[in-house]
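Novice: Chains as they are written, first to last, in this note's numbering: chain B, 1 to 86; chain F, 87 to 306.
Calculated directly from the structure, the hints in this document are not laboratory data. Every residue gets a Cβ at the ideal spot worked out from N, C-alpha and C, and that includes glycine. There's no promise every hint is true.
[Said to hold, decoys possible] Under the rule of at most 30 Å between Cα atoms (straight-line distance), these lysine-lysine pairs were calculated in the DSSO-like manner:
#: 1; chain 1: F; residue 1: Lys140; chain 2: B; residue 2: Lys12
#: 2; chain 1: B; residue 1: Lys25; chain 2: B; residue 2: Lys54
#: 3; chain 1: F; residue 1: Lys140; chain 2: B; residue 2: Lys54
#: 4; chain 1: F; residue 1: Lys216; chain 2: B; residue 2: Lys12
#: 5; chain 1: B; residue 1: Lys12; chain 2: F; residue 2: Lys228
#: 6; chain 1: F; residue 1: Lys118; chain 2: F; residue 2: Lys216
#: 7; chain 1: B; residue 1: Lys60; chain 2: B; residue 2: Lys25
#: 8; chain 1: F; residue 1: Lys91; chain 2: F; residue 2: Lys118
#: 9; chain 1: F; residue 1: Lys216; chain 2: B; residue 2: Lys60
[As the list claims (entries may be wrong)] Computed footprint of chain F on chain B, listed as stretches where at least three residues anywhere in the stretch have a Cβ under 8 Å from a Cβ of chain F:
#: 10; stretch: 5-14
#: 11; stretch: 60-73
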Amino acid sequence: MALTISCPVCGKRNGYEFRYGGEDKGPRPDEKGLTPRTWCDYAHMNACVAGVQKEWWCHKNGCGVWFTIHRNTLTNLEVDGPEVTS
Amino acid sequence: MIQIKKRSPIHFKAGIEKTEERGRWTVVLAYKDEGPGPYLVDLSHKTRWDLQDKNLSGFNPLGREVPVAPGACHLQDGTLIYRMNRTQAVIWQLNAAAAEMPGESAYTNVSDVSVGLALFGRNALAVVEKLCALDFHDPRQKPPFLLQGPFSHIPCHLVLMERGQGHDGALLLTCSRGYADSMAHAILDAGDEFGLRAAGEQRFNDWLERLSGHQRQVDR
Chain B
1 MALTISCPVC
11 GKRNGYEFRY
21 GGEDKGPRPD
31 EKGLTPRTWC
41 DYAHMNACVA
51 GVQKEWWCHK
61 NGCGVWFTIH
71 RNTLTNLEVD
81 GPEVTS
Chain F
87 MIQIKKRSPI
97 HFKAGIEKTE
107 ERGRWTVVLA
117 YKDEGPGPYL
127 VDLSHKTRWD
137 LQDKNLSGFN
147 PLGREVPVAP
157 GACHLQDGTL
167 IYRMNRTQAV
177 IWQLNAAAAE
187 MPGESAYTNV
197 SDVSVGLALF
207 GRNALAVVEK
217 LCALDFHDPR
227 QKPPFLLQGP
237 FSHIPCHLVL
247 MERGQGHDGA
257 LLLTCSRGYA
267 DSMAHAILDA
277 GDEFGLRAAG
287 EQRFNDWLER
297 LSGHQRQVDR
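Start from the sequences and build out the full structure, keeping to the hints where you can.
Specialist: This is how it looks when you write it as structure tokens:
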């Protein structure tokens, strides 16, 4: 399936121009009281949603901006607008 | 005292007709048998500054404003300024005389880490279409404008300077210096069917002068 991704700077482009940055897991957990188990879960465990998930992408062959999109993993289609984060 | 020579990463096979010593560079002004166009010109000796700051509107490189929108370009008196994203812009001095870089830490001279090429003339955009999937014919975009993306599979800054009849036009591109010879080879090979030849800086200067004159008329 051909994937297109909307970069907030460059617009809609071929998915091959981008690098996948993983699921968006929210903010880094607070270091106060952080256990190895909690950190390991944050760093390595994924929800692997069959449906719409929020995820990070980098336009590595273009402007280099990191941003999040919502993608339906069943259809491999972007379903929501991007958010500029850097 | 040792005089360090600067060398372009591009080596065209065409025979050199005329050169000029400019600072530490030996600049090729003309190659033999350049033909009627399109032309590919090595711009690696042209000075390029990277400007990076969270507040770019506070800078006036060479007395000019930095474009606000990513992708926007300003060409004035032979200096091209283009905006890449929220925090970065490039100042590319396409005229012969390079100014001294401002002392602020936001500026970085990136001339030596990149390669610069100009592809212009008859059917130049037909050559571009063979190597790049980006849309340079988008009627919503008025030249000059910047696209950042793969050209011959290499991440590049691509500035469409001019769009003429059919596939006539002009494109400036930069990429990492290490890709220089492969990039030049790929472009010349793709442009072979259109008569693309390597050309010297004089050909580029003539074209830039004509473009600037045309732009001045439009601005009036």
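Novice: Indicate, hint by hint, whether the structure satisfies it.
Specialist: Do the hints match the structure? See the list:
For the given pair, Lys140/F sits about 25 Å from Lys12/B by alpha-carbon distance, which is consistent with the 30 Å threshold. With a C-alpha separation of about 8 Å, the suggested pair Lys25/B and Lys54/B falls inside the 30 Å cut-off, and the hint holds. Of the supplied pair hints, the one linking Lys140/F and Lys54/B holds, its CA atoms being roughly 27 Å apart against a limit of 30 Å. A threshold of 30 Å between alpha carbons decides the hint, and for Lys216/F with Lys12/B the separation of about 20 Å falls inside it, so the pair holds.
Among the hinted pairs, Lys12/B with Lys228/F is consistent with the structure: their alpha-carbon atoms are about 18 Å apart, no more than 30 Å. Between Lys118/F and Lys216/F the CA atoms are separated by roughly 26 Å; this keeps the pair inside 30 Å, and the hint holds. With a CA separation close to 21 Å, the supplied pair Lys60/B and Lys25/B stays within the 30 Å bound. Distance restraint check for Lys91/F and Lys118/F: the Cα-Cα separation of roughly 24 Å lies within the 30 Å cut-off, and the hinted pair is therefore satisfied.
Distance restraint check for Lys216/F and Lys60/B: the Cα-Cα separation of roughly 22 Å lies within the 30 Å cut-off, and the hinted pair is therefore satisfied. Here's how the stretch 5-14 of chain B fares: 4 of its residues keep a CB closer than 8 Å to some CB of chain F, so the rule of at least three is met and the hint holds. Counting residues of the stretch 60-73 of chain B whose beta-carbon sits less than 8 Å from any beta-carbon of chain F gives 6, enough to reach three: the coverage restraint holds.
The structure fails none of the hints (numbered hints given earlier).
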